[in-house]
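Model the full assembly from the supplied sequences, consistent with the hints where possible.
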Amino acid sequence: MSSAPSSDRPANCVRVAAVGDVHIDENVLGRFRPALERIGEKADVLLLAGDLTRHGTGDEARCVATEFADLSVPVVAVLGNHDYHSDAQDEITKILEDSGITVLERSGVVFDCFGIRLGIAGAKGFGGGFAGRCGSEFGEPEMKAFIRHTRTIAEELGTALHDLDCDVRIALTHYAPTPETLLGEPLEIYPFLGSYLLGEVVDEVCPALAVHGHAHAGTERGVTPGGVHVRNVAHPVIKQAYSVYQIAGQPAAA
Amino acid sequence: MKTRTDVYKESQMQRVLTEDERVSEQGIRVSRLEENTFALSGEVASSKRREVIEQVVAEKFPDLTVEYDLGITRVHEPDEVEEV
Ligand SMILES: [Fe+2]
Ligand SMILES: [Fe+2]
Numbered sequence: 137m138s139s140a141p142s143s144d145r146p147a148n149c150v151r152v153a154a155v156g157d158v159h160i161d162e163n164v165l166g167r168f169r170p171a172l173e174r175i176g177e178k179a180d181v182l183l184l185a186g187d188l189t190r191h192g193t194g195d196e197a198r199c200v201a202t203e204f205a206d207l208s209v210p211v212v213a214v215l216g217n218h219d220y221h222s223d224a225q226d227e228i229t230k231i232l233e234d235s236g237i238t239v240l241e242r243s244g245v246v247f248d249c250f251g252i253r254l255g256i257a258g259a260k261g262f263g264g265g266f267a268g269r270c271g272s273e274f275g276e277p278e279m280k281a282f283i284r285h286t287r288t289i290a291e292e293l294g295t296a297l298h299d300l301d302c303d304v305r306i307a308l309t310h311y312a313p314t315p316e317t318l319l320g321e322p323l324e325i326y327p328f329l330g331s332y333l334l335g336e337v338v339d340e341v342c343p344a345l346a347v348h349g350h351a352h353a354g355t356e357r358g359v360t361p362g363g364v365h366v367r368n369v370a371h372p373v374i375k376q377a378y379s380v381y382q383i384a385g386q387p388a389a390a
Numbered sequence: 123m124k125t126r127t128d129v130y131k132e133s134q135m136q137r138v139l140t141e142d143e144r145v146s147e148q149g150i151r152v153s154r155l156e157e158n159t160f161a162l163s164g165e166v167a168s169s170k171r172r173e174v175i176e177q178v179v180a181e182k183f184p185d186l187t188v189e190y191d192l193g194i195t196r197v198h199e200p201d202e203v204e205e206v
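These protein sequence lines map, in sequence, to chains U and S.
Anchor point for the first sequence: position 153 equals 289 in the numbering used here, and the numbering is continuous, going up by one each time.
Anchor point for the second sequence: position 79 equals 201 in the numbering used here, and the numbering is continuous, going up by one each time.
Derived from the structure by calculation, the hints contain no laboratory data.
It is possible that part of the hints are untrue.
Claimed, not checked - 20 Å max Cα-Cα, derived DMTMM-like pairs, lysine to aspartate or glutamate:
#1 S/Lys131 / S/Glu141
#2 S/Lys170 / S/Asp191
#3 U/Lys375 / S/Glu202
#4 U/Lys178 / S/Asp201
#5 U/Lys178 / S/Glu205
#6 U/Lys375 / S/Glu141
#7 S/Lys131 / U/Glu324
#8 U/Lys375 / S/Asp201
#9 U/Lys375 / S/Glu205
#10 U/Lys178 / S/Glu202
Quick look at the structure:
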């Protein structure tokens with residue numbers, strides 16, 4: 137999408153709004169909307185970092201669509217673990233896509249933001265832990281399946297990130313690619329909050345930003361071991377309707 | 123040896139908060155203050171959610187004293203833009 141920039145919009149940058157873990161159900165419906173009506177003045181795109189619903193039902197997904205669709209900017213989402221709870225993730229994806237929200241799962245999308253091509257690759261991700269304190273594909277089938285799930289997602293996210301044909305890249309996940317943005321969470325649960333495998337594929341491509349949620353008691357800012365800026369945008373972490381990140385970018389020479 | 127009468131209650135409470143379909147909250151911290159007295163802290167998405175949590179915990183753990191420090195996450199527009 138591309139429209140005339142507002143007069144005070146800074147040049148040669150993209151402005152990315154993001155929030156995760158909105159956990160919408162009928163009791164939350166309407167709370168975010170007032171802060172979203174003028175989002176086009178503040179941002180070029182809105183990212184939703186998973187846990188859009190409480191129980192992962194189609195009804196809750198319709199509440200998410202009511203709350204976050206038809207904004208003045210494109211909305212791009214990944215699902216989170218709550219969105220899988222009722223085994224209705226495919227139905228949820230369909231409801232959101234039908235409302236105009238782009239749902240990524242090991243896939244990517246590119247938007248034209250005033251001449252700069254902004255590429256976003258996204259996936260739910262999964263856990264497993266971080267350097268020196270991580271699970272392995274070893275032992276019981278359940279343990280192998282746990283880590284294999286993370287590895288497969290990470291590999292396919294890496295491919296999606298790599299394949300984006302764009303000027304500015306962003307990685308969007310629900311689970312964390314670095315432990316730095318988990319600060320505040322109990323150390324004992326880090327393996328359930330993210331995986332170094334996600335960080336590893338992010339570092340191979342070095343996007344301008346990696347955005348995640350899931351860690352409600354974590355910290356907003358961190359970096360991957362490879363130096364990629366990471367932002368935990370879980371709603372209880374950012375404590376506002378969304379955060380806005382401005383990323384410098386140059387349109388590719390024609 | 124005198125044993126605590128409330129062993130495992132923190133874990134049970136944590137699981138009720140997550141697994142009871144009326145709650146389904148993973149972001150709430152349970153801490154033990156003293157024998158049979160616990161605190162729940164964190165942020166939830168609506169006042170209705172806070173009410174439900176208090177009701178479910180009272181129903182499942184009628185013998186425990188529970189102190190609540192549950193805020194409702196604010197949803198105002200951001201004032202600042204961070205350059206990254
Ligand atoms: Fe969440
Ligand atoms: Fe989550």
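Structure-inconsistent hints, enumerated in ascending order
When the structure is compared with the hints, only number 6 turns out to be violated.
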